[in-house]
Amino acid sequence: MVAGEVWSMTWLTLRVAATATLLSLPIAIAMGYFMARKDFPGKSLLQALIALPMVLPPVAVGLGLLYLLSPQGPLAWFWDLLGLRLAFTPAAAVLAASVVGFPLLERSCEQAFAAIPRRFEQVSRTLGRNPWATFFRVVLPLGQRGVLYGSLLAFTRALGEFGATALVAGILPGRTETLALGIYSQVQLGDDTAAFALCGVSFLLSLAALLAAEGWVGREIKGQRL
Amino acid sequence: MWQSSWTQTPIRDLQRLFWSCVLGLSVLFATPATCQSHEITVAAATSLRAPFTQLVQLFQEQNPQHSISLTFGPSNNLARQIELGAPIDLFASADPRLVVSLADKKMLSSASITALAGNRLVLIARAELAMQVNRESLSNGSLKRFALPNNAVPVGWYARRWLRSQDLLEAISPMVLQTEHARATLSAVDMGHADAALVYTTDARLAKKAKTVLEIPAEEQPDILYLAAAVPRDDASNALSNKFLAFLTSDTAVRTFADAGFSAAPDAEAQLW
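Note that the protein sequences, when read in sequence, are chains B and W. Numbering-wise, the working numbering puts 217 at position 207 of the first sequence, and it's gapless, one number per residue. Numbering-wise, the working numbering puts 266 at position 228 of the second sequence, and it's gapless, one number per residue.
In short, the hints are calculated from the structure, not lab data. Hints may contain errors.
Covered stretches of chain B (in silico footprint by chain W; criterion: 3 or more residues with CB under 8 Å from a CB of chain W, positions within the stretch not fixed) [what the hints assert, rightly or not]: (1) 61–67; (2) 76–85; (3) 207–217.
Label pairs and their calculated CB-CB ranges [unchecked claim]: (4) W:Met229 - B:Ala13: 37 to 45 Å; (5) W:Pro270 - B:Ala125: 54 to 62 Å; (6) B:Ala218 - W:Arg173: 53 to 61 Å; (7) W:Val60 - B:Lys53: 56 to 64 Å; (8) W:Ala284 - B:Pro36: 46 to 54 Å; (9) W:Val60 - B:Glu15: 43 to 51 Å; (10) B:Glu15 - W:Pro304: 31 to 39 Å; (11) B:Ala61 - W:Asp297: 50 to 58 Å; (12) W:Asn188 - B:Lys53: 37 to 45 Å; (13) W:Pro304 - B:Pro67: 40 to 48 Å; (14) B:Ile37 - W:Lys143: 49 to 57 Å.
Using N, Cα and C, we set each Cβ at its ideal position, and we do this for glycine too.
Whenever a hint applies, use it, and build me the whole structure from the sequences.
Written out as structure tokens, the structure reads:
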């Protein structure tokens with residue numbers, strides 16, 4: 011295991027986690043807002059379903075994704091139509107990280123939006139702003155702390171994702187081998203030195219992300235009077 | 039006051055956030071991770087790790103215009119990945135049945151199937167137990183943990199075949215420590231997590247602490263044969279795969295396999311499929 015490999019693995023891990031978080035962000039914001047503002051029959055069931063990937067064994071999530079992406083699976087016609095084979099590509103790693111991180115992000119957005127008094131939105135509407143402008147100029151700025159915190163949680167979850175990724179993206183060096191998968195394969199090979207080196211990098215990354223979360227969110231709490 | 043604290047400043051923050059998201063995503067997507075046509079991915083059994091790493095290096099030195107990326111795993115796992123459409127262009131398996139079954143499904147080109155080498159099983163034990171472990175200790179209860187991959191992993195299948203032929207499988211079953219693949223089986227004994235295991239003789243040479251305690255006699259050896267074959271792709275990839283397959287049977291490759299402890303591919307066996 012050489013330094014170059016460690017760096018490319020770290021860079022890949024960061025790219026996968028960042029892409030997964032950025033891709034889930036708009037969906038989580040939309041869904042979080044919808045869930046915070048609307049009441050309908052079966053809402054608790056939907057909430058439970060959204061949270062499911064967070065509590066299911068990640069390997070089970072991976073198996074589900076693998077089945078959906080497989081050229082023999084129920085969505086085979088769709089992948090054939092697009093000419094895409096996503097299983098065992100970096101895209102599959104991103105997908106796995108998105109799915110396990112999404113509940114954290116969505117729940118955090120939902121709680122942030124639910125805490126905003128509806129009155130602010132109503133005032134914005136009576137002052138002539140349309141619903142979109144109200145959302146982007148009132149709701150989102152007020153909820154940004156929850157959105158940012160959720161994003162960092164989802165990002166850190168994606169950094170460490172193993173079970174689902176291993177199943178749906180495999181362990182292809184340079185392509186899908188993120189730090190967590192790298193640690194596992196080095197342990198399997200009996201190369202503890204390399205495994206510990208990768209652990210060290212993961213440790214630093216996670217610590218940096220958590221410090222960022224604390225610093226960021228702490229600053230926001232002081233700056234925001236609500 | 040309110041105006042400044044939650045309308046203007048946050049909006050600028052949000053705009054900044056939005057544009058950094060856009061910028062971030064475009065940077066992430068601008069560096070493509072997909073392979074180009076003059077690059078192929080070779081997936082090989084973990085037991086082939088040492089010779090394949092050397093051979094790919096040699097091949098690249100001779101053909102600097104081509105690029106080959108290597109991935110290793112248990113052969114059964116790699117076969118499944120190929121079946122599910124993984125971006126793998128060439129497969130080198132420790133179990134010929136996997137290659138044949140993929141070729142039957144047209145997921146490997148039958149014409150490209152190449153016999154690479156043979157291998158042998160040896161019994162290894164933890165260094166501390168090396169003097170005590172022998173054929174008898176496998177059945178007399180003196181061992182606590184025996185590292186063995188499941189039946190789908192080639193080395194697990196070969197080892198079980200030998201254990202069954204020696205009427206030892208039942209005695210071993212309760213003490214199995216299931217491992218992932220050939221190399222992981224070796225490292226389980228190396229690290230002292232298991233007392234003994236059946237591994238390839240080529241892996242036993244790489245042991246840090248474990249000792250070989252029994253060479254399985256030739257007449258008891260299961261027929262271990264490594265086959266490689268190409269996944270049908272576009273012309274450029276096929277050409278490169280075939281060039282690398284040809285290199286794998288060159289004199290250089292034969293010497294590399296022999297140096298790593300592999301036996302020559304048995305010709306008669308190579309006709310089995």
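Going down the list of hints, with the structure as the test:
1. 61–67: Answer violated; 0 residues pass the 8 Å Cβ test.
2. 76–85: holds (count 5)
3. 207–217: violated (count 0)
4. W:Met229 - B:Ala13: 37 to 45 Å: Taking Cβ atoms as reference, methionine 229 of chain W and alanine 13 of chain B lie about 25 Å apart, which means the hint is violated.
5. W:Pro270 - B:Ala125: 54 to 62 Å: For proline 270 of chain W and alanine 125 of chain B the Cβ distance comes to about 57 Å; the hint holds.
6. B:Ala218 - W:Arg173: 53 to 61 Å: About 54 Å separates the Cβ atoms of alanine 218 of chain B and arginine 173 of chain W, which means 53 to 61 Å holds.
7. W:Val60 - B:Lys53: 56 to 64 Å: Violated, at about 33 Å.
8. W:Ala284 - B:Pro36: 46 to 54 Å: 50 Å, holds
9. W:Val60 - B:Glu15: 43 to 51 Å: Taking Cβ atoms as reference, valine 60 of chain W and glutamate 15 of chain B lie about 31 Å apart, which means the hint is violated.
10. B:Glu15 - W:Pro304: 31 to 39 Å: Since glutamate 15 of chain B and proline 304 of chain W have Cβ atoms about 36 Å apart, the given range 31 to 39 Å holds.
11. B:Ala61 - W:Asp297: 50 to 58 Å: Holds, at about 55 Å.
12. W:Asn188 - B:Lys53: 37 to 45 Å: Once the Cβ atoms are compared, 44 Å apart, the range 37 to 45 Å for lysine 53 of chain B and asparagine 188 of chain W holds.
13. W:Pro304 - B:Pro67: 40 to 48 Å: 43 Å, holds
14. B:Ile37 - W:Lys143: 49 to 57 Å: 37 Å, violated
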